[in-house]
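*Asks:* Just so we're aligned: 269 in full-length UniProt numbering is position 269 of the sequence shown, and the numbers increase by one with no gaps anywhere.
Treat the hints with care, as some may be off.
To be verified - Result set (BS3-like, lysine-lysine): computed pairs, CA atoms no more than 30 angstroms apart in a straight line: (1) 59 / 36; (2) 12 / 36; (3) 12 / 39; (4) 12 / 45; (5) 59 / 45; (6) 59 / 12; (7) 215 / 234; (8) 243 / 215; (9) 234 / 45; (10) 39 / 59.
I should point out that these hints are in silico values taken from the structure, not numbers from a laboratory.
These figures come from a predicted structure and were not determined experimentally.
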Amino acid sequence: MHEDSGEVAAVKIVPMENPNRRRSYPALEREISALKLVKTLGGHKSIIDLRDVYVEGRKVFLVTELARGGELFEQIAAYGSLSETNAKNVTREIASALGFLHRNGLVHKDVKPENILFSARVTDSNAQRKGSRHENISLVKLADFGSAGPAGSADDFEEIGTAAYLPPELLTSRVCTSACDMWALGCVLYIMLSGSHPFDLDGMTPDSEVEHRIKNEPITFAYSAWDHVSPEAKDLVSRLLTKDPAMRLTADQMLLHPWMTANAESSAATGVFRTPSPLLAGQPLAMSPA
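Whole structure, please, built from the sequences with the hints as guidance.
*Replies:* And the structure:
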């Protein structure tokens, strides 16, 4: 808690063998550099805000705003897939955040449900209309910038994201561009609408097979979770999960897609969350290691 303002913040504490050699901790260095750049550029309402960084003894303290609502991952695991309206709201916020990063030369490189946070916990259908103190601020925050950096070659996969969210061009040519973030957001949107990962529907697929599917197989909407999802939503998912990065929508293009600009969803679902997926209720999401 801040002594003067009383604000409660989140604090990441990283032990260091040698506090004078912070660059021996590349993920921490990348996160600090990216968040400092975002702050210098004026910040973005859907990107977690950096409050402070300091070294005390043999520990580095990274202080950010606190997102009280927890992870999108936790929400889907507990409550099931989102309605189209709420999936759209989350997607719009993250696409806006990614567009801001991409215009300023940054690629997040680890977009996944665990790294999308809610600034307030919303689990009932009326929560967004109750006039709470959160109504004029973003409910969604993109977090964890430990892999973030400029576009370029990616020789070390340990520095980039999570295997199940890597696009085919990265697996094949080891080149990471802003299109990699858009592929990952396509995976997140698929999960929000269906409760399953597009290349690991049952959560039991070995990593090597998931990689094969990412590189070689199309996504499918041919199961019951997609029966009441609108054609426009499916079209957007398809345009994000196209194998060719040159044909993949950019963040700005995505925000102009008909599904994103529509005033009302086609499905009748109005709640924040639908019935929990049988694959997710009480279980981790498929292929989403921490």
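*Asks:* If a hint holds in the structure, say so; if it doesn't, say that too.
*Replies:* Here is how each hint holds up against the structure:
1. Of the pairs offered as hints, the one joining residue 59 and residue 36 holds, with about 19 angstroms between alpha carbons and a cut-off of 30 angstroms not exceeded.
2. With a C-alpha separation of about 15 angstroms, the suggested pair residue 12 and residue 36 falls inside the 30 angstroms cut-off, and the hint holds.
3. As the CA atoms of residue 12 and residue 39 are separated by approximately 18 angstroms, the hinted pair is consistent with the 30 angstroms bound.
4. Restraint check for residue 12 and residue 45: the C-alpha separation of about 21 angstroms stays at or below 30 angstroms, so the hint holds.
5. Between residue 59 and residue 45, the direct Cα distance comes to roughly 29 angstroms. Compliance with the 30 angstroms bound is thereby established for this hinted pair.
6. About 10 angstroms separates the Cα atoms of residue 59 and residue 12, which keeps this hinted pair within 30 angstroms; it holds.
7. Straight-line distance between C-alpha atoms of residue 215 and residue 234 comes to about 20 angstroms, which keeps the hinted pair within the 30 angstroms bound.
8. For the proposed pair residue 243 and residue 215, the alpha carbon gap of about 7 angstroms is at most 30 angstroms, so the pair holds.
9. Of the supplied pair hints, the one linking residue 234 and residue 45 holds, its CA atoms being roughly 27 angstroms apart against a limit of 30 angstroms.
10. Restraint check: the Cα-Cα separation between residue 39 and residue 59 comes to about 23 angstroms, which is no more than 30 angstroms; the hinted pair holds.
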